[in-house]
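Novice: If you want the building blocks of each chain, they are given just below.
Protein chains: 2
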Amino acid sequence: MDTDNKLKRRVYFISDRTGITSEGLGESLLNQFENIEFKRRTYPFIDNLEKAKQLLNHMQEEVDADGWERPLIFSSIVDSEIRHLIHAFPAFHIDFYDTFIGSLEKELHVDAKRLIGVTHGLNDIERYDKRMAAVNFALNHDDGVSDKDFQAADVILIGVSRAGKTPTCLYLALQYGIRAANYPLTPDDLESTQIPNMLKPYRQKLFGLTIDAERLHHIRNERRPDSKYANINTCNKEIAIAEELFQRNGIPFMSSTHKSVEELAASILQACHLKRRF
Amino acid sequence: MDTDNKLKRRVYFISDRTGITSEGLGESLLNQFENIEFKRRTYPFIDNLEKAKQLLNHMQEEVDADGWERPLIFSSIVDSEIRHLIHAFPAFHIDFYDTFIGSLEKELHVDAKRLIGVTHGLNDIERYDKRMAAVNFALNHDDGVSDKDFQAADVILIGVSRAGKTPTCLYLALQYGIRAANYPLTPDDLESTQIPNMLKPYRQKLFGLTIDAERLHHIRNERRPDSKYANINTCNKEIAIAEELFQRNGIPFMSSTHKSVEELAASILQACHLKRRF
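Going line by line, the protein sequences match chains Y and F.
Numbering-wise, the first sequence is residues 73 to 350 according to the working numbering.
Numbering-wise, the second sequence is residues 73 to 350 according to the working numbering.
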């Protein structure tokens, strides 16, 4: 038994599908609380009574062994029998599906289908193909050097090496189906503050990424320790020219230093008036 | 004005951050309703009163022009002034933050911080670095051919070309920080049902992906039309041998045909007992 009772709580994310939505919302709520240590576990694909019973037995064992305050459950379960079973477990329980589906049915004057697997499932092959096409686009046109790539791109991210372009392109593809190419500003490009020739026909699609020099130095140093490439002076100089290039040419840009890929992607979507493709 | 009133509804996802969580949960609820056409718009980063007022004016114009039933709003807004403003808008309103934060405060005997930007923000550099390291790992070890890659991998996805390995690796990296390598089974490998030599030391890390032959044929044909590679007989044969290889060697595997990358990633995490790295 733990004596420091008040500060630890178990958190179970339970879903009949991937659990990604429950985790996302649950996390955003838990992150609002300090001074509590949450021990999180996610259980996806709890889609029949047998699995639910097994899980609850396992949870009961954990909870008994801890002796902490009752656990928290964040769930999203469509089947009412499974939901009732989980509800009977001694916990603080939030069910994201159950909380809202009734009032939505009333508002929409339609009964919910009450079928699972309609969110992150593969219901629409065409929609899915678009998403995969976007991922392949990002992969094939990473550090893009062909004009053809840029023609087909929804957006072209430009910035110095390691400013965060590639992960952002991938996230744009996976989350929104956006075809994002990227163009790394090379030392040659950075001899002037002109838009590189190859990009000139596509200036409406350009979005710049910049980054703090210290952070860039750190990232590059992990990759090539003590290189000229990673040197703080190189980083400072490259970033200064890149930012001047963005400003002079009216290219919208943003710093990746304090932003996650989710924030960068959502910001780019908004700034470039892009529409998700699925 | 539209005459087909009952079948169309506007849906606004409004967030003080990226809106990704609100969209995710909102979508999973809306997907439960058939026969209604939802016109969705997402407004991220509504983090001050000025932006909120502008947005609501814009929404009012849209709503007035439609003449449909009142719109739906799915929001997640920490600031109570902004939230009250949105609440006053004539709509069916679900606020994911507001609905749960009060009861969570009671349960946890702690006041919420009521500070925005703690979910998809970059609060923890170390955590973020892990995620980016995983993305870089997936990118650098795509179609991995070096033994060093496999040593550092958390999991190694194997399967025939175009079975869905690469997007799944990327999603595992972005969502969970998992270092996923991948190994495409080449025609040479598929001359026997043995584990390829290079992979033998890592059989505990292997997870197989398979796919329906018809679907594989379709995907490959988009890439190389009318090739031997895309031929339905080639697809059938490669898949049959790959599945036999998985079965004979006790490698867990799964079909990507009817699964999204979210489902594949969550399933692999579960099947391989992997823990997210952040």
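Take these hints with a grain of salt, some might be off.
One copy or two, it doesn't matter: identical chains are merged, so the pair holds either way.
Unchecked claim - The list that follows gives simulated cross-link-like pairs (lysine-lysine, DSBU-like), each with its CA atoms no further than 35 Å apart:
1. Lys272 with Lys123
2. Lys202 with Lys111
3. Lys80 with Lys202
4. Lys185 with Lys309
5. Lys272 with Lys80
6. Lys125 with Lys277
7. Lys125 with Lys300
8. Lys125 with Lys272
9. Lys347 with Lys125
10. Lys272 with Lys178
11. Lys347 with Lys185
12. Lys80 with Lys178
13. Lys220 with Lys272
14. Lys202 with Lys300
15. Lys309 with Lys178
16. Lys347 with Lys277
17. Lys277 with Lys185
18. Lys272 with Lys300
19. Lys300 with Lys277
Note that these hints are calculated values from the structure, not bench results.
Novice: Kindly indicate which numbered hints from before are broken by the structure, ordering the numbers from low to high.
Specialist: Of the numbered hints given earlier, those the structure breaks are 4, 5, 7, 8, 10, 15 and 17, listed in rising order.
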